[in-house]
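Undergrad: Can you build the whole structure from these sequences, using the hints too?
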Amino acid sequence: MFQGVFTAIITPFRNGKIDYDSYFSLLDKQIQARVSGVVPCGTTGESPTLSHEEHAELIRETVKHVKKRILVVAGTGSNSTREAVELTEAACKDGVDGILQVNPYYNKPTQEGLYLHFKEIADHSSVPVMLYNIPGRTSVNLLPETVLRLSEHPKIRSMKEATGDLGQMSKLISLVGDKMTVLSGDDNLTLPLLSLGGKGVVSVISNLFPESLVKLVESFQKGDVTSAQKIHYDFIELFALAFIETNPIPIKAVMSWHGFCSGEIRLPMTSLSAGPGADRLKKTVSDLLAKGYK
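As numbered in the numbering used here, residues 1 to 294 make up the sequence shown, in order.
Hints were generated in silico from the structure; no laboratory data involved.
Misleading hints may appear alongside valid ones.
As a list, the in silico DSSO-like pairs of lysine-lysine whose alpha-carbon atoms are at most 27 Å apart [to be verified]:
hint, residue 1, residue 2
1, Lys64, Lys17
2, Lys230, Lys291
3, Lys68, Lys230
4, Lys29, Lys179
5, Lys93, Lys155
6, Lys294, Lys29
7, Lys294, Lys282
8, Lys171, Lys283
9, Lys119, Lys171
10, Lys119, Lys155
11, Lys155, Lys179
12, Lys68, Lys171
13, Lys283, Lys17
14, Lys29, Lys282
15, Lys230, Lys179
16, Lys230, Lys282
17, Lys171, Lys108
18, Lys291, Lys67
19, Lys179, Lys64
20, Lys283, Lys294
21, Lys29, Lys68
22, Lys93, Lys64
23, Lys155, Lys171
24, Lys67, Lys108
25, Lys108, Lys29
26, Lys29, Lys67
27, Lys222, Lys179
28, Lys222, Lys171
Taking CB as the label site, the calculated pair distances span [what the hints assert, rightly or not]:
hint, residue 1, residue 2, range
29, Leu267, Tyr20, 18 to 28 Å
30, Lys93, Tyr233, 21 to 31 Å
31, Glu89, Lys68, 32 to 42 Å
All C-beta atoms, glycine included, are put in the ideal place defined by N, C-alpha and C.
TA: Below is the structure:
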């Protein structure tokens, strides 16, 4: 079910509140680009800084605006299993198509703890679950053998893999086969992972360039590897520059530069630092737009 391009959508703010006018325009841009879906309330959406009320409201408003034109896979993860279950049940009632479940952060559970955590959430979900492995942010690595056990659960259908380790991704795909899809959690590894049997990406870059990321994935899937490679290499510098500071700082800056939102970002995140890195980012994005990329 979960394959193609899913945009880890930013959350625009204005005067301390969610800017829904800008947000709905961003959703329309994604729908027009034919992405497979959007992921609200993820890391890129600054979910750690959303209040519980904002979190629930943002998911409801996303579902209402999208109207089933693309999939809505809502971030409902927590380092508290009970809280993740509560967020999941609320999102399911609001009509999401799937939920994204990140590794419990800070607690550093064992593999058995991870297994039981995700199983408990899946037991309470009425929609498919996408696991999200990002050790760099959570300090725990969801190992392929544990994912294999979880893949036996009828609701666990996908994995967003953001270890940056193609070896681990290869092992995961070899173990789970067609029981679940594996998507890249890093834009720069989309094409390499597709070549290993991955099925797409949960993308940051597609906030601004959704059509380009869709074309990259679709070209590969149609056997046009040359076209997919061209997009990959044209974007390779942006893939790197999008992380010159902690995500979503760079992409939020880029989107504000091009009029899609204000530059407002919530502490402890800060605005992109001025300097050579920001200058390179601005020029790289401008060059891609000049080439006709969307």
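Undergrad: Take the C-alpha atoms of Lys179 and Lys64, compute the straight-line distance between them, and say whether it is at most 27 Å.
TA: Violated, at about 31 Å.
Undergrad: Can the restraint linking Lys29 and Lys68 be considered satisfied, given a maximum Cα separation of 27 Å?
TA: holds (15 Å)
Undergrad: Does Lys171 pair with Lys108 here, judged by a C-alpha cut-off of 27 Å?
TA: holds (23 Å)
Undergrad: Given the hint that Lys108 pairs with Lys29, test it: the Cα-Cα distance must not exceed 27 Å.
TA: violated (38 Å)
Undergrad: Assess, step by step, whether the Cα of Lys67 is no farther than 27 Å from the Cα of Lys108, and give holds or violated.
TA: violated (38 Å)
Undergrad: Quickly compare the C-alpha distance for Lys171 and Lys283 to 27 Å and report which way the hint goes.
TA: Violated, because 38 Å separates the two Cα atoms, which is more than 27 Å.
Undergrad: So if I understand the rule, the pair passes when the alpha-carbon distance is 27 Å or less; does Lys119 with Lys155 pass?
TA: holds (9 Å)
Undergrad: Does Lys294 lie within 27 Å of Lys283 when you go C-alpha to C-alpha?
TA: holds (15 Å)
Undergrad: Is the hinted pair Lys222 and Lys179 satisfied, with a Cα-Cα distance of at most 27 Å?
TA: holds (22 Å)
Undergrad: Take the C-alpha atoms of Lys291 and Lys67, compute the straight-line distance between them, and say whether it is at most 27 Å.
TA: Violated: Lys291 and Lys67 sit about 33 Å apart, past 27 Å.
Undergrad: Note whether the CB distance of Lys93 and Tyr233 lies within 21 to 31 Å or breaks it.
TA: Distance hint for Lys93, Tyr233 is violated at roughly 44 Å.
Undergrad: Between Lys283 and Lys17, is the straight-line Cα distance small enough, at 27 Å or below?
TA: With Cα atoms ~30 Å apart, Lys283 and Lys17 exceed 27 Å; violated.
This entry does not satisfy hints 3, 4, 8, 12, 13, 15, 18, 19, 24, 25, 30 and 31, going by the numbered hints stated previously.
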